Amino acid sequence: MNTFFLCIAIGLCLLMFMSLYRCLFGPTVLDRLIGVNAIGSKTVVLLLLIGFLYERVDMFVDIALAYAFLNFVTVIAASRYFHKRKGLYEESFMD
Amino acid sequence: MDILVIICLAFGFLFFLGGAVGIIRMPDFYSRLHPAGKLDTLGIMAMVVGLSLYNLHHFTLGTVLLTIKMLLIVFFVFLSSPTATHSIVDAGMRAGLRPWTRKTDTRATRNETDETRKEEV
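Protein sequence lines, in the order shown, are assigned to chains A and B. The numbering of the first sequence is the numbering used here, which starts it at 1207 and goes up by one. The numbering of the second sequence is the numbering used here, which starts it at 18 and goes up by one.
None of these hints come from the bench; they were simulated from the model. Quick caveat: nothing in here was measured; it's all calculated off a predicted structure. Check each hint, because a few of them may be wrong.
Claimed, not checked - Ranges between beta-carbon positions, derived for each pair: (1) A:I1269 <-> B:R111: 11 to 21 Å; (2) A:V1235 <-> B:L82: 32 to 42 Å; (3) A:R1286 <-> B:R119: 14 to 24 Å; (4) B:H103 <-> A:L1220: 21 to 31 Å; (5) A:I1269 <-> B:I20: 22 to 32 Å; (6) A:T1209 <-> B:R111: 47 to 57 Å.
Beta carbons are placed, not taken as given, at the ideal position from N, Cα and C, and that holds for glycine.
Build the full structure now, drawing on both the sequences and the hints.
Structure follows, in C-alpha cells:
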C-alpha cells in the first residue's frame, strides 16, 4: 500500500508541474492566481500522503489543515488586491 | 477495504488530472476557472475520504479522532474552494475582463461568421 501511496504522490507532483505552467505563462495575473490555487489544493492531499508514508499522520493532518486555510486566505486576499487593476483585458492578448 | 481506498484515490487522481489538463488547455480566464473550481474540489474530497478510510484500519480512539480531523478538512475545503473561485471571478469582472467569444470583430450575419469560422479551422 505504501508503494501505491508513493506512486499517487509522484503523480500529484507531476500534476503540480502542469499547473505551474499556468502560473508561469498565464497571460493575466488572475490566471497565475488560478494556478496557485490549484497547486495549493493538490498540496493538501500531498501532505496527507507524506504523513502516511512517514507514519506520522497525527502531525501532518494539522499541517494539511493549516495549509488549506492558508491557501484560502491567500486567494481571497490576492483577489481583493487585484480587483482594481485596469488593463487586464488588453494584457490577455499579449501572448 | 484496501480496494475501496484504491478506488477512491484513483477517482480523485483522475479528477485532479482533468483539472490540470483543463487549466492548461482552456482558452479563457473564466473557462479556466471551471475545471479549477469544480474538479479540484471533488478530487480533494475523494482523495481525503479515501485516506481517512485507510486510516480506520486500526480502530482505536486516536485513529477515529484523526479521521474526524480529516473529514473536517473535507468540510472546510467544501466551503472554502467555491468561495475562493467566486472571489477570483469577482476580481476578474471588476477588473474588466470580458469573456471569450468567437474571433470576429465586425458584427456580421450568421452565415458569414460560419464561413469565416470554417476558413479559420
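Status of each hint after checking the structure:
1. A:I1269 <-> B:R111: 11 to 21 Å: At 34 Å between Cβs, range violated.
2. A:V1235 <-> B:L82: 32 to 42 Å: holds (41 Å)
3. A:R1286 <-> B:R119: 14 to 24 Å: With Cβ atoms ~32 Å apart, the hint is violated.
4. B:H103 <-> A:L1220: 21 to 31 Å: With Cβ atoms ~29 Å apart, the hint holds.
5. A:I1269 <-> B:I20: 22 to 32 Å: Given range 22 to 32 Å: holds, Cβ gap about 29 Å.
6. A:T1209 <-> B:R111: 47 to 57 Å: holds (48 Å)
Hints 1, 3 from the earlier list are contradicted by this structure; the remaining hints agree with it.
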